[in-house]
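Peer 1: The sequence shown begins at 1 in UniProt numbering and counts up one residue at a time.
Since the hints were derived computationally from the structure, they do not count as laboratory data. Fair warning: this is a prediction, and the values are worked out from it, not measured in the lab. There's no promise every hint is true.
Claimed, not checked - Simulated pairs of lysine to aspartate or glutamate, DMTMM-like, Cα-Cα distance not exceeding 25 Å: (1) K162 <-> D90; (2) K161 <-> E172; (3) K73 <-> E194; (4) K73 <-> D266; (5) K110 <-> D212; (6) K73 <-> E131; (7) K134 <-> E149; (8) K181 <-> E284; (9) K133 <-> E165; (10) K168 <-> E194; (11) K133 <-> D123; (12) K168 <-> E84; (13) K287 <-> D297; (14) K47 <-> D267; (15) K262 <-> E137; (16) K134 <-> D156; (17) K262 <-> D297; (18) K301 <-> E9; (19) K293 <-> D90; (20) K126 <-> E259; (21) K293 <-> D209; (22) K66 <-> D223.
What the hints assert, rightly or not - Derived CB-CB ranges, DEER-like: (23) T179 <-> A30: 36 to 46 Å; (24) E165 <-> Q51: 26 to 36 Å; (25) K242 <-> V6: 38 to 48 Å.
Positions of the beta carbon are idealized from the N, C-alpha and C atoms, including for glycine.
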Amino acid sequence: WDNKEVKIEEVNFNIVKDTSTPINLYETNAVDRATLLAEFIDKYKGKPDFQTVEDTSVFFLRLNQKDPALANKNIRKAISLAFERKPFVDTLLNNGSKPATGLIPDNFIKGPDKKDFRAVNGDIVKPNVKEAKKYWEAGKKELGKNEIELELLNEDVELSKKTGEYLKGELEKNLPGLTVKIKQQPFAQKLKLEDAGDFVMSFSGWSADFPDPITYLDMFVTDGSQNKMKYSNPKYDEIIMKAKKDGSDVNARWKSLLEAEKMLLDDAAIVPVYQRGRAYLQRESIKNMYNHKYGGDLSFKWASVEK
Numbered sequence: 001w002d003n004k005e006v007k008i009e010e011v012n013f014n015i016v017k018d019t020s021t022p023i024n025l026y027e028t029n030a031v032d033r034a035t036l037l038a039e040f041i042d043k044y045k046g047k048p049d050f051q052t053v054e055d056t057s058v059f060f061l062r063l064n065q066k067d068p069a070l071a072n073k074n075i076r077k078a079i080s081l082a083f084e085r086k087p088f089v090d091t092l093l094n095n096g097s098k099p100a101t102g103l104i105p106d107n108f109i110k111g112p113d114k115k116d117f118r119a120v121n122g123d124i125v126k127p128n129v130k131e132a133k134k135y136w137e138a139g140k141k142e143l144g145k146n147e148i149e150l151e152l153l154n155e156d157v158e159l160s161k162k163t164g165e166y167l168k169g170e171l172e173k174n175l176p177g178l179t180v181k182i183k184q185q186p187f188a189q190k191l192k193l194e195d196a197g198d199f200v201m202s203f204s205g206w207s208a209d210f211p212d213p214i215t216y217l218d219m220f221v222t223d224g225s226q227n228k229m230k231y232s233n234p235k236y237d238e239i240i241m242k243a244k245k246d247g248s249d250v251n252a253r254w255k256s257l258l259e260a261e262k263m264l265l266d267d268a269a270i271v272p273v274y275q276r277g278r279a280y281l282q283r284e285s286i287k288n289m290y291n292h293k294y295g296g297d298l299s300f301k302w303a304s305v306e307k
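From just these sequences and the hints, can you work out the full model?
Peer 2: Take a look at the structure:
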């Protein structure tokens, strides 16, 4: 269908785990586009083939409430507040990513009032080490423990490794008596462990399937498809169900979605970390290749290569 619009014969992808190989491939003209990670961005920033795009992928920690410590809301709240996001995104990512202060991304979807969801609901999660310590000490007292050990499940690629190390360092520094052990796994195995609920904390992410906050929020109802961490709040379930039934009343529906996000994060069911930005190199000869905020990342249908 519409094949007259297709200008290229094929698209080849190279899948690599280390950070330097994509750059080497690009520099040797073996590829036409390459993702840039933090250590290469300053070198290429300002060059004609350097580009950035704002993404709607949000990365967060899942806190498995099967774990006795994470079943305690004070412990979860402490983790949520105990680390700064901005130094991480500015230094370790350096690609246009921004701190996540909620689950719904910035500049994603506007409500009936034409205002962006994130702007209306504001910064729900605000790092505050002093408050985190209060929650932490209260949680330890309730658990009758001075020392807590938590395992962080993570993917075995370079960026995830750096993320895990940063989170471990900040959490252990700011929450006395906490030890974080990192468990790195290939992506497929990580997903299997999450699906089986065989993790304590897990660094995860989600991208929008369609332009509506419900694509993020309905995952975490009690029987939600991505509710791997055994979170259950009947009131949250009720609000999400109401939002689904209020399709004809757009104002009531929007109000329910705003309320649901606040409840999810007040419960510290998940811990938002960052909203992804992407920096990349792309040949100036590549035309009409489009980035998307939801669904697939790229459209190649109209792409062409100018000689």
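Peer 1: For each hint, tell me whether it holds in the structure or not.
Peer 2: Consistency of the hints with the structure:
1. Simply put, K162 and D90 have alpha-carbon atoms about 13 Å apart, close enough for the 25 Å limit, and the pair holds.
2. Note on K161 and E172: the hinted pairing holds, with a Cα-Cα distance of about 16 Å set against a maximum of 25 Å.
3. A threshold of 25 Å between alpha carbons decides the hint, and for K73 with E194 the separation of about 21 Å falls inside it, so the pair holds.
4. Pair hint K73 plus D266 holds up; C-alpha atoms about 9 Å apart against a cutoff of 25 Å.
5. Proposed proximity of K110 and D212 is supported: the alpha carbons are some 9 Å apart, at most 25 Å.
6. Annotation: proposed proximity of K73 to E131 holds, straight-line Cα distance about 14 Å (limit 25 Å).
7. Straight-line distance between C-alpha atoms of K134 and E149 comes to about 18 Å, which keeps the hinted pair within the 25 Å bound.
8. A distance of roughly 44 Å separates the Cα atoms of K181 and E284; the hinted pair therefore is violated under the 25 Å criterion.
9. A threshold of 25 Å between alpha carbons decides the hint, and for K133 with E165 the separation of about 20 Å falls inside it, so the pair holds.
10. Straight-line distance between C-alpha atoms of K168 and E194 comes to about 19 Å, which keeps the hinted pair within the 25 Å bound.
11. Proximity of K133 to D123 is assessed by CA-CA distance (about 20 Å); at most 25 Å being required, the pair is judged to hold.
12. For the suggested pair K168 and E84, the alpha carbons sit about 12 Å apart, so the restraint of at most 25 Å is met.
13. Among the hinted pairs, K287 with D297 is consistent with the structure: their alpha-carbon atoms are about 16 Å apart, no more than 25 Å.
14. At most 25 Å may separate the alpha-carbon atoms for a hinted pair to count; K47 and D267 exceed this at roughly 45 Å.
15. Pair hint K262 plus E137 holds up; C-alpha atoms about 24 Å apart against a cutoff of 25 Å.
16. Between K134 and D156, the direct Cα distance comes to roughly 33 Å. Violation of the 25 Å bound is thereby established for this hinted pair.
17. A distance of roughly 28 Å separates the Cα atoms of K262 and D297; the hinted pair therefore is violated under the 25 Å criterion.
18. Between K301 and E9, the direct Cα distance comes to roughly 10 Å. Compliance with the 25 Å bound is thereby established for this hinted pair.
19. Between K293 and D90 the alpha-carbon distance is near 22 Å, which keeps this suggested pair within the 25 Å criterion.
20. This hinted pair checks out: K126 and E259 have alpha carbons roughly 17 Å apart, not beyond 25 Å.
21. Between K293 and D209, the direct Cα distance comes to roughly 9 Å. Compliance with the 25 Å bound is thereby established for this hinted pair.
22. Restraint check for K66 and D223: the C-alpha separation of about 15 Å stays at or below 25 Å, so the hint holds.
23. A beta carbon spacing of about 44 Å between T179 and A30 agrees with the range 36 to 46 Å that was offered as a hint.
24. The given range of 26 to 36 Å is respected by E165 and Q51, whose C-beta atoms sit roughly 28 Å from each other.
25. Between K242 and V6, the C-beta spacing of about 44 Å keeps the proposed range 38 to 48 Å intact.
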